[in-house]
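*Asks:* These are the residues of each chain, in order.
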Amino acid sequence: MNESNVQEFLKSLQAVLGQLNLYPANHPNSQTALHRGWEASCRLADSDEDVVIGLKGYAYFLNGELLAYTSLMYANLYHDLAAREIETITLAGATDATDYRAFVRYVGSHTEDFPTGQSIRVNESRLTDGEDESAFADLRFSYSGVVGTLRTLDHRVAREGSFEMGPVMQAVEELIDQALNASGAALLLSTVKSHDEYTFYHSVNTCLMAVATGQYLGLTHKDLVPIGAGAMLHDIGKVAISSQVLNHPGRLDREQWKEVTIHPQEGAQAIVAAGGPGHEIAATIALEHHARFDGLGYPRLGTDAVPHLASRLVAVSDVYDAITTRRSYRRAETPHRALQILLQGAGGAFDPDIVKTFISLMGIFPPGSVLRLLSGELVVISHHRADSEELQAVMVSTAAGESIEPELVAVSVDQVAQQILAESVGIEPATLLEQAGVAEQILASSAPRVDEGAIERSGIDEEALKDQATRSLSSIFERD
Amino acid sequence: MSGSGARMADPIEIFDALGIGWGVHELYPDPVRQTAFVSAVNRLSVLQDSSITYEVGAATISCEGEELAIERGGTARLSLRLFVHEIEWIELIGQPSAEDLNQLFKLLAADEHSTRNEGGITAALQAGNVWSIQVTQRGLLAEAIEQPWEEREAEHESDAGDGGPRASRLARMVTSGASAHEVAEAMLEESAGDPQQIADTFCEAYRAVYPAVEQTGVNTESVPELLAVYRHTPKTRPPVDTFAEAFFLIPVDARARILSDFLANRTEGLHSLLLDQFAGLELAELAPHLNEETFKELVGYARDVVDSESGSADELLPLVSAARDVKVARRSAADRIREMIEGIGGLGGATGGLAGRLRKETADADGLGRHVLRLLMEVEERPDHFARFVESWCRRISSAVAAGELDSALALLDAGTNGELSISKQRTIEAGLVELLRSDYAVFNQAAHDPANRAALGELLAGFGELAASHLMERLTMEEDPATRRILIGLLVVVGSHHSKPIVRFFKAPEWYVVRNAVTIAGKVGGDHWVPHLKPLIEHADHRVVVEALRALTPLAPDEAVPGLVKSLAHENERVRETSLLLLKASTSPVRQSELARALTDRSMDGARTEIAELLFELGTPESLQVLRQIAHKALLLSSTRRDARRAAREALRSTA
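Chains A and B are the protein sequences, given in the same order.
First residue of the first sequence? That's 1 in the working numbering, and the numbers climb one at a time after it.
First residue of the second sequence? That's 481 in the working numbering, and the numbers climb one at a time after it.
Because the hints were derived from the structure by calculation, they are not lab data.
Incorrect hints may appear among the rest.
Unchecked claim - Result set (BS3-like, lysine-lysine): computed pairs, CA atoms no more than 30 Å apart in a straight line:
#1 LYS840(B) with LYS222(A)
#2 LYS905(B) with LYS258(A)
#3 LYS1004(B) with LYS981(B)
Said to hold, decoys possible - Computed, partial: chain A to chain B, Cβ under 10 Å:
#4 ALA82
#5 GLY161
#6 MET165
#7 GLY214
#8 GLY218
#9 PRO264
#10 VAL272
#11 ARG326
#12 LEU421
Keep in mind it's a predicted model, so treat the numbers as computed, not measured.
Where is the CB? At the ideal position from N, CA and C, for every residue including glycine.
Make a model of the complete structure from these sequences and hints.
*Replies:* Shown next as C-alpha cells:
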C-alpha cells in the first residue's frame, strides 16, 4: 500500500464518477468502471489495518502522510469530494463491492444517503492538527488550479474553437503570485510530470520556469503575467492535433509532421480570437515558440526575422521541460543533459543570452536532479542558494541503496558521480517540497537576481558561443 | 569470430546491425515492432549455427584482434554504452531473436550501477532466458571475492607448484586478490618511501603479473572459452584494477615516474591496458609532475584515444576505461557547465540588459498584436483556417470601431492588409471585410454619426478594399433616411479617394438618384480621372443627374466643362439652365468666351440666346463686347437664328447703356 495505490484508487474513482454522469448505473460502461474502481480499492486496502485517506487543505493524506504528488494530480477530484464534505475515507480490510458502490453514488451526488458500509467508511477518522498543509500548499493549489484551467480551456477550444482569456489570466496571476514568493519551490514543483496529461503539466512547468527566468532577470509581476500566460498557452494549439499523431510512438510521416507543425499558429489564432489584455504577447509566444533564433524552425518568420524576446525566453523553458520528460516517442533525459542540449543550441536554436541566463538560474544540477555521489548515496537537488556554491540537496538513499528518511545535505559538485533519471529510481522530486525542513530552507534562501547595474561588464564571448552552437539539433524537441 | 560456419559473417556488418537495433531502441519505446529493428535482427541471420565475439575497449570494438572502424551514430553509441557498462566481451551465439536483442538493449539502456548492483547483465540475460547473447563485465569479476588475499595467495602458490612462474611478492599479492590498499602499503613498505623505488616496484610487479597471466592462455584467440570459466567461477578481480587503484594510493612523484614508464612503452598491449584504466582528468592532474618528454607522450596518448580534440563530453568518454573514470568524465561535463556559469558570473550586463529589452519589446502591446496578426496571415496556408482567422480578425476590427477606437481598428486593418499576401488570401480578406461590413453595418453606421470619426472611419473603410466600396454604394442606394445617406456619402467620399471604380460603376445605374449620389461623391473626391466618366452624364436623361454632373465636372475640368455648360443653357429643364448659367458666370475658363460666342449664333441654342449675350456682355472683355457689337450692328440678316442673336446682343448692350 503506497502512494501509487492511492493514485490508482482516485483515478478509478474519477473514472467511475465520469461514467455515472454519462450512463445509468446498470449500463455496461458504468459497471465496468465500478468493477475497476472496486478492484483498485481492494488493492489499496490492507488486510491488517485500516487505510485512511484524508483530505485537508487541498491535499490528500495517506494514514496521516501528505501525498504531495497525488494532491497535484487529483485536485479536481479533491473539490468533488470536499463538496460532499468528505474529510476521510477509511478502507477497512477487503472492500465490499456494495459498500464501494454506495460510496461512489454518494460522492457522485446520485444519492443523499450517507454511505454506511463497513469496508468503506466516510468521515470516521478525523485528521489531527499535525496533518496540516505544507508551506507550499498555496503554490501547489495554484499549480493544480492552472492545470484545471488548462483542462477546461482545452475542452472548450476543442469543442467550440474558442476560449476566454479572463480565467486564464486570473489563474496565471495566482500562480505567479505564489511562484514569485518562492521561486526555488516553483522550480522544484516544475519537475512534476504527467504522462496522461503531458501537455497540461508541461505547459504549467514551462510557465513556472519562464517566470522564474524572468524574475531572475528582474522583471516585475506586471511584466511576467503576459509572459507567463504565453508560456502556459504556448501549446494550446495542440488541441488541433489528433491524439494519434500527438502520441505516435514512431517517426512521423510527412502528413503527420505537417499536422504537428501547425500547432503554433493554431494556438496563436485561438489566443488572438480570445483577445483581452496581454493576449498579444501570449499569442506571439504561442506562434513563435518553435521558431529558432537562427531563423530556422517553424513557422518561418521571414528573412532576418528573429522571434520576439519573450518567445525566445519561453522556448528555452519549453525545450528544457520537454527534454526532461518521457514521451511516447523518446525517453526522458536528465536535467544535466537537457542543459547540455540547450548549450549546444545556444546561438542556433536558442538565444544565447537566454540560455546563459537559464543555466545560471538552474545551476549545473537543476532542482529536481537526482544524483549519485562518488560515495554512493543518492541525493535530490532541492534548490540553490544565492550565497552558497554548494548544492542544496536531500539525501534519499544510502550507498548501499537503502532508502532512508530524507535528510538535508549540502554537497559540492566534486562529490557528484552520476546523474540519474528520477523516474528510473522511482523518485518524484516535487514531493521534496513537503519534506520536513526543505520548505523552510527554500523559503529561507533568497531568490537569486541578476545584477542589472552591471551592464558594461562583459562576459562570455558570444561569437565564440555561436561558433560552437550546433545548428542542426536533433528534432527531439521540435516535436514537443 | 569463432565457431563453425561463421566465416560468412562480416564482423562490421554484424556490429552495424547491432548499432541500428540500438538506434531504434533509443528512439522507440516498443522497438521490436519497428521495421528497422526487425531488419537489423534479420541481418544477424548469417550467424545461424555460428557465433561471433567482440572485444570492447576504450572507443574501440575489436573482433579477432582486429579493430573495427566504428562509424558515428548507432554503432558508436552502442559501443559507448557497452563500454559504460564495463563490458569486456560480447558474444552472439547463433542468431539472437528480436526479443533477446531487446532484452540486452534494455539492460544497456538502464543505469549501469543499478544493473550491476542487481547482478549484472549476464545474470539478467540468463534470468530472462536469453542464451544467444553472452557478455562479460569487468567489475563483476571482482565482486565474488570473499576470501582474504592471504588464503588465495596460499592457493595460488599451491596451484603454481614448483613449475609456476617466479613472481614477486607484490605480483602474487595482486594475483591472489589482495586489495589495492594492501598492495600500496606493501609497495611503500618495501621501497622505504623512495618515489623511484616505489615506481620500479610497481612496474616490475605489474610486468610480473601480466606475463604470468599470458602464460595461462588469456589471449584474443581463446577468450570466449576462458570467459566461460570466468563467468561461472570468478576467483579474483582483474589484476589491472588492483594496480590502477593502488596507483592512486602512492605518492604523486612515484605516480609520475610510473606514468612515464608506461607512456614510454604504451604501444605494448600490457602497458596500454593499465593506461586505459585512467580517466583523462586523472592523467591531466599528473601532467604538471611530468617532464617535458613524458608530457609529450601523454598528449600523444590522449590524441590516440580521443575522437576529436574539441569533442563533447560524450565523445570524451572513450578516454576512460573504468566505471570510476566514467564518473569522472561525467563530472568533466559538469565542469564545462560550471565554467560556463562562472563565465556568466561576469555577465551581469548582458542578462541585466535582457530585462530592459524585454520590457521595451513588450511595451507596445498593439504593435505586438499587429506583428502576430501579420505573421499569422503569412503563415496560415489552409484556406478554411485562413478564412476563419480573417473572420475573427474582422470581428476585432468591428469591436474596436464599436469602442470608438478607430486608431486601433485602423492599425488592425493595416496589420492584416499591408503586406505581400497571395492573391487568394487577399481575396479572402476582402471578402471577409465586406462580410463584416454587411453583418456589422450598424456598428460602422453608429460610429459614422459622430462627425469627428468620419475621416478615420472613411480611411478604415477605404482600407476594406473595392468590394467594400461597392457594398457601401449599394447601401447608399437602399438607404431611405436622408441624414444617413448624407453620412454615407461623406464616408464614400473618403473611400472613393482610394477606390473610384466601384463608384464609376454606379454612373450607369438605372435609378437617377443612385447616379446622382455617385456623381456627388465623385465631385467631392475630385481628380482628373473622373472627368471622362462625368462628361457623358451632362447628357443624362434625368435633369437632376445633369445638374449634379455639371456641378461635379466644372471644378474638376473647367475648360472641358464649358461646352457642356453652354449647351445646358438651352436645356429644357429650368434647374439645369440655372445651374449652368451660374456655373458659367463663376467660371474663369479662357474657353468660355469663344464657346459663348459660338453658341450665340448656334441654332440649337434657341431660347438661351439672351442668357448667352448677357454672359458675353458680363465678361466685359474687348473681344466679348466686340462679338456683341458686331452682331448687334448687322443690318440685314436672313436667318431667324441670327436675327434672334442680334436681338439678344442689342438687348445686352442696351441694358448696360
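*Asks:* Taking the earlier hints as the rules, which of them does this structure contradict?
*Replies:* 4 and 6
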